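Undergrad: Sequence:
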Amino acid sequence: TNFNIHQCFDLFGINNKIAGGNQVFDNAKQPPAILLYSKKTNDSKKNIVKHIVARANLYYHYFKTIVIEKNDVKLVNQKLFLADDKLWKVMMYGNSLDYLFVKKIKQQGTTVSEIMEESGLQLKGGFKSKDSNVRVEKRKDTTMLWDYDYIEVEGEKGLKQYEVSVNKTFKQKLEKLNLNGVLNSDLRVPQIAEISIFKGVKLLIKKGLDQYLNHRAVSAVVENNCVFSATIASISLISGSISKKDEDILYSMSAIFNSKLFTYYLLMTSSSFGAGRNRVNYKEFLDMPFVTDSELSYYSREIHKSTKGNLMNQTQEQINVLEKLIENKIDHLYKISPLEKELINYALDVSIPVMKRADLSSNVLPSIFKMINKNNNKILSDYCDVFINHFSKRFNKKNKMFAIDIFINEDFIALHFIIIEKQNKTIKYSYEADIDSTVIALGGLSVNEVSSGLFTQQDIRGFNKDSFYLIKPNIVKNWHLAMAHVDLIEFIEAIANAEINNVKQKIN
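The numbers in my numbering rise by one with no breaks, and the one at position 236 of the sequence shown is 236.
Think of the hints as simulated: they come from the structure by calculation, not from any bench. One or more hints might be untrue.
16 angstroms max Cα-Cα, derived EDC-like pairs, lysine to aspartate or glutamate [to be verified]: (1) Lys305 to Glu175; (2) Lys400 to Asp434; (3) Lys283 to Glu117; (4) Lys70 to Asp459; (5) Lys244 to Asp293; (6) Lys245 to Glu118; (7) Lys130 to Asp186; (8) Lys176 to Glu194; (9) Lys103 to Asp287; (10) Lys260 to Glu327; (11) Lys106 to Asp287; (12) Lys106 to Asp72; (13) Lys128 to Glu175; (14) Lys130 to Glu154; (15) Lys128 to Glu223; (16) Lys104 to Asp84.
Label-pair ranges, simulated between beta-carbon atoms [said to hold, decoys possible]: (17) Ser367 to Lys245: 40 to 50 angstroms; (18) Lys40 to Glu114: 31 to 41 angstroms; (19) Lys176 to Ser243: 33 to 43 angstroms; (20) Pro338 to Leu82: 24 to 34 angstroms; (21) Asp85 to Ile34: 16 to 26 angstroms; (22) Thr315 to Asn464: 33 to 43 angstroms; (23) Glu118 to Ala496: 46 to 56 angstroms; (24) Glu137 to Asp85: 18 to 28 angstroms; (25) Leu179 to Ser132: 18 to 28 angstroms; (26) Asp382 to Ile495: 14 to 24 angstroms; (27) Asn328 to Ser381: 15 to 25 angstroms; (28) Glu117 to Ile34: 24 to 34 angstroms; (29) Asn328 to Thr41: 47 to 57 angstroms; (30) Glu118 to Arg394: 48 to 58 angstroms.
Model, not experiment: these values are computed from the prediction. Even for Gly, the Cβ is constructed at its ideal location relative to N, Cα and C.
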């Protein structure tokens, strides 16, 4: 490259959402980014890029203003962007842990498209009722398909996860389009695939993500003849009769596409989802690494059966059990570690709701922006356990133990990591703590430093002679279990650097 990029300021979450936002870039239809760069004067591979993402947060909720939070600022070596341009998307929602996890997913097995090629499967979209490039005399006849069921997704949810429902024939759909002036009375359409695409067993996938299911992908296997629009695509056998093995592949694909892992993978890699649109390209389904076994396809078959209307004895509880079995099986097949599972949970529990928040007009405060108190302090205990599990191995001795004092206020939460005389409890809670007493307990800080630091940095951390501390705003999302691992890594690095410096000073 001939340039050094100094800063990337991504405005995907705020353009046209705040006062003056639509004046930043006139007529901008897609979220913009601002790059600060200069002509290369040294080796660009040593250049550090400051990557900043502006997104909706608590300040946006109350004041429609943006305050950049600590975790939205990342320093990344430019050579990493040059080596893998997919890193730009990962940095919008994740961090280095997410990048390593995405790389690991990509190394799992072959892709869906490769499996399709091996199995003689094809992907084809449904029919189009509008296409100005197709002349009337070139439109396609539809009479052979009139009696087929039609899966409606415009204004209805004919395709859901593991479920297909129909209430009309294809002819009835065409007649409605004729009444609306979209089609002529001959009911011919601009584009439609060959009849074999709509026959027999096939896996249906939808471009649009389900916003009521936290933007999860939607797919289902259907065994009857049916027609669908171009917003749905079919994965089916190119020719011949489908085998049990091929059916198992389709059912396994449905389980993977409907999984939390796939939603996470899309958020981190999709060129459209999370970057201005609530849909994905069909190619992004095909690029997903495919790993399966007989249990996954079996669970998928069972949950498909349970969603059919004629099995009224199946309860929602049983469906939930099957969904959990599928998620656990996928975790096992893709070798997902506890930390990686928390990265998935953070994306679904925090990143996607924050992304959705920018488009909501409701004044109801999302749960991730609410406070932690006595009723939900398990969030904090889970967070602290990550530190305790790590540092207790190092600091627990015969009469000493690693412990954490927690100071909880409406505005902030402070953690004081200390070594104390051995006792039963490793975590001590102090509710309704005021800033003055907390500062005294932590030591080494002033009230002004804490007040200003929480607003400008959203995060204060430091070391005393025999302890260290962390202060963050009292907001649920700040204390997610995934953040515990990120914060732990930063403290480990800081401690390691301090020890290295001490050794150097002793040598000198």
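Undergrad: Each hint: holds or not?
TA: Do the hints match the structure? See the list:
1. The suggested pairing of Lys305 with Glu175 is violated, with an alpha-carbon distance near 32 angstroms, which exceeds 16 angstroms.
2. Pair hint Lys400 plus Asp434 does not hold up; C-alpha atoms about 29 angstroms apart against a cutoff of 16 angstroms.
3. Only pairs whose Cα atoms come within 16 angstroms are accepted, and Lys283 paired with Glu117 is accepted, the gap being roughly 14 angstroms.
4. Between Lys70 and Asp459 the CA atoms are separated by roughly 7 angstroms; this keeps the pair inside 16 angstroms, and the hint holds.
5. Of the pairs offered as hints, the one joining Lys244 and Asp293 holds, with about 13 angstroms between alpha carbons and a cut-off of 16 angstroms not exceeded.
6. As the CA atoms of Lys245 and Glu118 are separated by approximately 12 angstroms, the hinted pair is consistent with the 16 angstroms bound.
7. Distance hint between Lys130 and Asp186 is fulfilled; the C-alpha atoms sit about 15 angstroms from each other, no more than 16 angstroms.
8. This hinted pair does not check out: Lys176 and Glu194 have alpha carbons roughly 22 angstroms apart, beyond 16 angstroms.
9. For the hint pairing Lys103 with Asp287, the CA-to-CA distance comes to about 13 angstroms; that is within 16 angstroms, so the pair holds.
10. For a cut-off of 16 angstroms, the pair hint linking Lys260 to Glu327 stands: about 7 angstroms separates their Cα positions.
11. A C-alpha spacing of about 9 angstroms is found between Lys106 and Asp287, which places the hinted pair at or below 16 angstroms, so the restraint holds.
12. Proposed proximity of Lys106 and Asp72 is contradicted: the alpha carbons are some 25 angstroms apart, above 16 angstroms.
13. With a C-alpha separation of about 14 angstroms, the suggested pair Lys128 and Glu175 falls inside the 16 angstroms cut-off, and the hint holds.
14. Pair hint Lys130 plus Glu154 holds up; C-alpha atoms about 15 angstroms apart against a cutoff of 16 angstroms.
15. Annotation: proposed proximity of Lys128 to Glu223 is violated, straight-line Cα distance about 22 angstroms (limit 16 angstroms).
16. Between Lys104 and Asp84 the CA atoms are separated by roughly 14 angstroms; this keeps the pair inside 16 angstroms, and the hint holds.
17. Range check, Ser367 to Lys245: about 44 angstroms between beta-carbon atoms, so the 40 to 50 angstroms window is met.
18. Under the hint 31 to 41 angstroms, the C-beta atoms of Lys40 and Glu114, about 39 angstroms apart, fit the expected range.
19. The hinted window of 33 to 43 angstroms between Lys176 and Ser243 holds, with their beta carbons roughly 38 angstroms apart.
20. Between Pro338 and Leu82 the C-beta distance comes to about 33 angstroms, which sits within the given range of 24 to 34 angstroms.
21. Distance hint for Asp85 and Ile34: a CB-CB separation of about 18 angstroms, consistent with the stated range 16 to 26 angstroms.
22. One distance hint, 33 to 43 angstroms for the beta-carbon pair Thr315 and Asn464, is violated here, with the actual separation near 55 angstroms.
23. At roughly 47 angstroms, the beta carbons of Glu118 and Ala496 sit within the given window of 46 to 56 angstroms.
24. Our hint of 18 to 28 angstroms for Glu137 and Asp85 is violated, since their Cβ atoms are close to 45 angstroms apart.
25. Roughly 21 angstroms separates the CB atoms of Leu179 and Ser132, a value that falls within the hinted 18 to 28 angstroms.
26. A beta carbon spacing of about 22 angstroms between Asp382 and Ile495 agrees with the range 14 to 24 angstroms that was offered as a hint.
27. As the Cβ distance of Asn328 to Ser381 is approximately 24 angstroms, the hint placing it in 15 to 25 angstroms holds.
28. The hinted range of 24 to 34 angstroms is not satisfied by Glu117 and Ile34, whose Cβ atoms lie roughly 42 angstroms apart.
29. For Asn328 and Thr41, the Cβ-Cβ distance of about 53 angstroms falls inside the hinted range of 47 to 57 angstroms, so the restraint holds.
30. Remark: the range hint 48 to 58 angstroms for Glu118 to Arg394 is upheld by a beta-carbon distance near 50 angstroms.
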